[in-house]
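Following the hints, put chain B in place on chain A, whose structure we already have.
Chains as they are written, first to last, in this note's numbering: chain A, 133 to 603; chain B, 133 to 603.
FYI, nobody ran anything at the bench for these hints, they're computed from the structure. Treat the hints with caution; some may be incorrect.
If several chains are the same, the list does not tell them apart, and a pair holds so long as it fits within one copy or across any two.
[Stated by the list, open to error] Only pairs whose alpha carbons sit at most 25 Å apart, straight line, appear in this in silico DSS-like list of lysine-lysine: (1) K264 to K464; (2) K190 to K448; (3) K264 to K157; (4) K253 to K459; (5) K253 to K167; (6) K264 to K453; (7) K237 to K167; (8) K192 to K444; (9) K464 to K254.
Chain residues, written in single-letter form:
2 protein chains.
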Amino acid sequence: MNKLVKEITSREKDFAQWYTDVCLKAELMDYSDAKGFIIYRPYGYAMWENIQDYLNLKFKESGHENVYMPLVIPENLFQKEKDHVEGFSPEVAYLTTDNNDTEEKLIVRPTSEVLFCEHYKKIINSYRDLPKKYNQWCNVVRWEKTTRPFLRGKEFLWQEGHTVHATEKEAREETLLMLDIYNKMGEELLAIPFVTGLKTEKEKFAGAIETYSIEALMHDGKALQSGTSHYLGKNFSKPFNIIYRDSNNQEQFVYQTSWGVSTRLLGAVIMVHGDDEGLVLPPYIAPTQVVIIPIQSKNEIVQKITSNLFQKLEKKNIRVKLDNQDKSPGWKFSEYEMKGVPIRIEIGPKDIEANEATIALRYSRERIKVPLTKIEDEIELLLKNIHEKMYQKALSHVEKNTHTLTDFSLFEKTIDKGGYIKMSVHDDAEEIIKDNFQASARVIIAEPLLNEICPVTNKKATETILFARAY
Amino acid sequence: MNKLVKEITSREKDFAQWYTDVCLKAELMDYSDAKGFIIYRPYGYAMWENIQDYLNLKFKESGHENVYMPLVIPENLFQKEKDHVEGFSPEVAYLTTDNNDTEEKLIVRPTSEVLFCEHYKKIINSYRDLPKKYNQWCNVVRWEKTTRPFLRGKEFLWQEGHTVHATEKEAREETLLMLDIYNKMGEELLAIPFVTGLKTEKEKFAGAIETYSIEALMHDGKALQSGTSHYLGKNFSKPFNIIYRDSNNQEQFVYQTSWGVSTRLLGAVIMVHGDDEGLVLPPYIAPTQVVIIPIQSKNEIVQKITSNLFQKLEKKNIRVKLDNQDKSPGWKFSEYEMKGVPIRIEIGPKDIEANEATIALRYSRERIKVPLTKIEDEIELLLKNIHEKMYQKALSHVEKNTHTLTDFSLFEKTIDKGGYIKMSVHDDAEEIIKDNFQASARVIIAEPLLNEICPVTNKKATETILFARAY
Numbered sequence: 133m134n135k136l137v138k139e140i141t142s143r144e145k146d147f148a149q150w151y152t153d154v155c156l157k158a159e160l161m162d163y164s165d166a167k168g169f170i171i172y173r174p175y176g177y178a179m180w181e182n183i184q185d186y187l188n189l190k191f192k193e194s195g196h197e198n199v200y201m202p203l204v205i206p207e208n209l210f211q212k213e214k215d216h217v218e219g220f221s222p223e224v225a226y227l228t229t230d231n232n233d234t235e236e237k238l239i240v241r242p243t244s245e246v247l248f249c250e251h252y253k254k255i256i257n258s259y260r261d262l263p264k265k266y267n268q269w270c271n272v273v274r275w276e277k278t279t280r281p282f283l284r285g286k287e288f289l290w291q292e293g294h295t296v297h298a299t300e301k302e303a304r305e306e307t308l309l310m311l312d313i314y315n316k317m318g319e320e321l322l323a324i325p326f327v328t329g330l331k332t333e334k335e336k337f338a339g340a341i342e343t344y345s346i347e348a349l350m351h352d353g354k355a356l357q358s359g360t361s362h363y364l365g366k367n368f369s370k371p372f373n374i375i376y377r378d379s380n381n382q383e384q385f386v387y388q389t390s391w392g393v394s395t396r397l398l399g400a401v402i403m404v405h406g407d408d409e410g411l412v413l414p415p416y417i418a419p420t421q422v423v424i425i426p427i428q429s430k431n432e433i434v435q436k437i438t439s440n441l442f443q444k445l446e447k448k449n450i451r452v453k454l455d456n457q458d459k460s461p462g463w464k465f466s467e468y469e470m471k472g473v474p475i476r477i478e479i480g481p482k483d484i485e486a487n488e489a490t491i492a493l494r495y496s497r498e499r500i501k502v503p504l505t506k507i508e509d510e511i512e513l514l515l516k517n518i519h520e521k522m523y524q525k526a527l528s529h530v531e532k533n534t535h536t537l538t539d540f541s542l543f544e545k546t547i548d549k550g551g552y553i554k555m556s557v558h559d560d561a562e563e564i565i566k567d568n569f570q571a572s573a574r575v576i577i578a579e580p581l582l583n584e585i586c587p588v589t590n591k592k593a594t595e596t597i598l599f600a601r602a603y
Numbered sequence: 133m134n135k136l137v138k139e140i141t142s143r144e145k146d147f148a149q150w151y152t153d154v155c156l157k158a159e160l161m162d163y164s165d166a167k168g169f170i171i172y173r174p175y176g177y178a179m180w181e182n183i184q185d186y187l188n189l190k191f192k193e194s195g196h197e198n199v200y201m202p203l204v205i206p207e208n209l210f211q212k213e214k215d216h217v218e219g220f221s222p223e224v225a226y227l228t229t230d231n232n233d234t235e236e237k238l239i240v241r242p243t244s245e246v247l248f249c250e251h252y253k254k255i256i257n258s259y260r261d262l263p264k265k266y267n268q269w270c271n272v273v274r275w276e277k278t279t280r281p282f283l284r285g286k287e288f289l290w291q292e293g294h295t296v297h298a299t300e301k302e303a304r305e306e307t308l309l310m311l312d313i314y315n316k317m318g319e320e321l322l323a324i325p326f327v328t329g330l331k332t333e334k335e336k337f338a339g340a341i342e343t344y345s346i347e348a349l350m351h352d353g354k355a356l357q358s359g360t361s362h363y364l365g366k367n368f369s370k371p372f373n374i375i376y377r378d379s380n381n382q383e384q385f386v387y388q389t390s391w392g393v394s395t396r397l398l399g400a401v402i403m404v405h406g407d408d409e410g411l412v413l414p415p416y417i418a419p420t421q422v423v424i425i426p427i428q429s430k431n432e433i434v435q436k437i438t439s440n441l442f443q444k445l446e447k448k449n450i451r452v453k454l455d456n457q458d459k460s461p462g463w464k465f466s467e468y469e470m471k472g473v474p475i476r477i478e479i480g481p482k483d484i485e486a487n488e489a490t491i492a493l494r495y496s497r498e499r500i501k502v503p504l505t506k507i508e509d510e511i512e513l514l515l516k517n518i519h520e521k522m523y524q525k526a527l528s529h530v531e532k533n534t535h536t537l538t539d540f541s542l543f544e545k546t547i548d549k550g551g552y553i554k555m556s557v558h559d560d561a562e563e564i565i566k567d568n569f570q571a572s573a574r575v576i577i578a579e580p581l582l583n584e585i586c587p588v589t590n591k592k593a594t595e596t597i598l599f600a601r602a603y
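Only chain A is shown next, with the shape it has when bound in the complex (with noise of 0.2 Å):
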C-alpha cells in the first residue's frame, strides 16, 4: 500500500504533475532527505539493471571493457582542458575533511574525462597499446539548482565510455558506433524512435569537437536528450600530453572519443509511454513483463494451474510475477496498471472451465481470450508483439509532431503545440529562437536545405536543424 500519492493527475491538466505522480505512485524513486538527491527504489532500480545488462553485452561485443575511476578529481587537474573547465564550473561541488589533510581541493566528479586522460597518458606508449576502449558505471555529482527525478538531479547514475585512437578516422567511426549502439538501444529496448544528429556549438559539451545526440519526444512535445557521443579529437590528448609513438617511432598526439547515456533514460521511457493510469512500460525493459492475478486465489485447482503456468514461463526466462496476495483482483488490476505491466493473465474457476484465460495488455487495454493450453506459446510473441506496437505509436507521435517551416511568422503559434520545429537556417538563428521562444536547438540534421536564405535572420541558411522545447 503507497501512502504517498492517492491519485495520478491527468496527462492534459498538468503534465509535470502526472509525471511526478507516476515517479512515485509507480514505486520508481522517492525522495531523500538531502534536497536534490534521489532514492532508486527496487522498481525503477530493476529498469536501470535492464539498460545495463542491455548495454554490457553491445559495449563488450564491441570490445570495451569496463573500469573504475576514483569519485574525486584534483582541482589543477579539472582545470587543463580550458572550456571544459568552464563548462563544468558552476555545477562543481568538493569533498572536504574536518582535518584538511589534503593538499589540494577535491572535485566530486561531474564526468570523468580528466581522471581517464591521466590514467591514458601513463599506459599509452606505443601504436601497439591503441586502441583502448574503456567504459564505467558510476554515480556523478553536479550542483544542479532546480531538480526533478530522473531527469535533472544533484547526483544520477551514468555509464560513461573514454577511448583512445591512433588515427582521427578510427575516433570518429567510434564516435559513430556508440551512437548507433544508442539508437539501437531506443529501437530494441526502450521502443523509443530517437532522432539522431550533431548539436549545434552552442549545444555541444564543453570540450568536444563534435557532440552527436540522442533526442526523444516526450507525450508533451517537449524533447528530452538522452545520451550523447563526443568526438574530442587532441583536444585533451594536447594539454594532457597523451603521445604515443607510430609505427615509425614518431610521437604523435592521441585522438580520443567520449559518450554516455544516464538514469534520465528513465524519465524518457515515463514521459514517452506513459498515459493517465501510471506507467506502461516496453516489455524489454520491464522489471515484471507478465503478472499472473488469480481470480479467486483460494481455489486449488486456480491455484494449481497458475503456480503451473508461473513455473514454465519462468523456465522461459520471462520475468513472470504470481500475485497471490490476499487482495482483491481488482485491486491487483489497478496496481499492475499504475506499475505498467505489459501483461496481466487473469485465471478464475470460469476460465478454467472454459479452458482459457484472460490476457489484458497494458499498451492498449486490450482483453484477449486465450486458450489455457496456448498461453505459454503465446506470450513470448505478444511481448515482441507489444515491443514493436509501443515503438510505432512513439514513432507516429514524432512524425505527427515533427513541422517543417520555411515561413517565421508560423513559429510562435507552431511551437505552442508542442512538437520539432524543422528549419534550414542561419547559425545566428539559433539565439534569436532561443531568446524569443525558449526553444533550443535539438541536433542538425543531415538532410538538403529547405531554403537559401534563412526565414529568421535573411542571412544565408546554413543548416538544416530541429528546433523543439526541451527538458
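Relative to chain A, chain B alone:
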C-alpha cells in the same frame, strides 16, 4: 608493456612489497592523482564484476532486491544512532559547494544504514509490508590515514544489504543466511576457506548488537576481515522510529540486519593464492580462464587449429583468450603467469603433428600433454579440479597455521610465526593481547572451552577466541 614495475619482489623478502608489485604489474589497479584513491583497471574490475554476478544471483534467489540510495547523508540524520556516529566520525568526509546553498552539512556515505532507515520508516506501515530485503552496490568514502590497494582506501566499492523484519527470529536468520552466502562464495568462487564467527564487543560494527565476520588467512600468516553480517536488533529502529502495525494492530519496532563485502575481497584473493611469479587466480573469478598461445603464430595450420579451439571453448562459455600478438611465446608465457591465468594451452606445429597440445596449469606449474580432440572436454573438468585443489591448499594453510594454546608464555613466539592462535580466555584478555602483541580477536568460535581459567588473566575463561595479527 608495463612501465610501472619491472620485477616482482619475492614474498619471503618483503610480502608488502610483493603485494604492491602484483597489484600494479598484473594491471589490477593503479594509483590515481588523488592520494588514497585508486583506479580499478579492466583486469581488476572484471574480478569485481564476477563477484557481483555471483552475489546478485544469490541475493535474488533469496528474495533480495537492488536499490540505490544517495551518495550523501544530512549530518543530523547521521547523528541519530549514537554508537554509529562515534564509530564513523573520525573517517567522515563532506560534500560542499562554493555557493553554499545547502542548509546543513552533507556527509559522504561511509555506509548507508541511516539512509535505509529513513526510507524504511516512510514505506513501512503494516506487517504486510515486511520483510523488506534491499541491497545496493555503490562506492563509499572513509577518510583513512594509511591506505593500501584494495585493503584500505579513501574510496572503495562494495555491496551493502539492509533488511527489515517483523521478528527477532527472522532477522537473526537473515544475518546467518548472509554469512552463509559469503562463506559459500569463498568455497565456490574465491577458493578461500573463511573462518566465520562472532566479533567481540570491541570489534563489532558501530551500532550492531552482533557482528559476524568471514576471516581469511593470508599467505604471510596475517588475517583479513573479508566481510561482515550484522544483527542490528532495534538499535536503529528505535532512534529512527521505524514502526509497523502487527496483525493485532499494535505498533511494534522492526528488527534489522545489514551486511557487506567490498573490493577488499580482491586483496584476499591476491594474498591467499599468489606466488613469486605473480597472481594465481582461482578459475571461477578469473577474468580469463584459459589463454591459447600459438607457437609459430604465422603458421596457417596453427592459426586454424587455435582459432577453431578458441571458438569451441567460447561456445562453452569458458572465458578464453587467443593471443595472436606479434610477440615471442616466452614473453606471453610470463605475461599470463604474472596475470595468474589458470590454464595456458600451447599449440605449435610439432604438437599438431603429434595430435596433441601442451596444457600448463598456473597454480601447480604442471605441464601436461592432452590429445587435440580431447581438449574441449578436458578444460571444464580441469577448471573444476584446479578450483578444488586451490581451495584445499588454502585450507591446509589455515589448518597448519592455527595454533591452539593453553600456555600464554608461548603466545609471542607463536604469533610471530603467523597464523591464528586459538585460546579460551576472559573478556579482559583481548586488550592485553592487543597492547602487547598487536594481535586482535578475529572471531569468537562456537566450540567448548579449552580451559576453565583464562591463561592471560587468570580469571574465569568465558569464550574461545581466534587471535591473529590482521590487515
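Hints, one by one, checked against the model:
1. K264 to K464: Intra 50 Å, inter 20 Å, cutoff 25 Å: inter-copy only.
2. K190 to K448: The answer is both: 23 Å in one copy and 20 Å across copies each meet 25 Å.
3. K264 to K157: Between copies only: 18 Å across chains, 43 Å inside a chain, cut-off 25 Å.
4. K253 to K459: between (61 Å within a copy, 23 Å between copies)
5. K253 to K167: between (38 Å within a copy, 18 Å between copies)
6. K264 to K453: between (42 Å within a copy, 17 Å between copies)
7. K237 to K167: Answer is both: 24 Å inside a copy and 12 Å across each meet the 25 Å cutoff.
8. K192 to K444: between (31 Å within a copy, 19 Å between copies)
9. K464 to K254: The answer is between: 22 Å across copies meets 25 Å, while 57 Å in one copy does not.
Every hint from the earlier list agrees with this structure, and none is contradicted.
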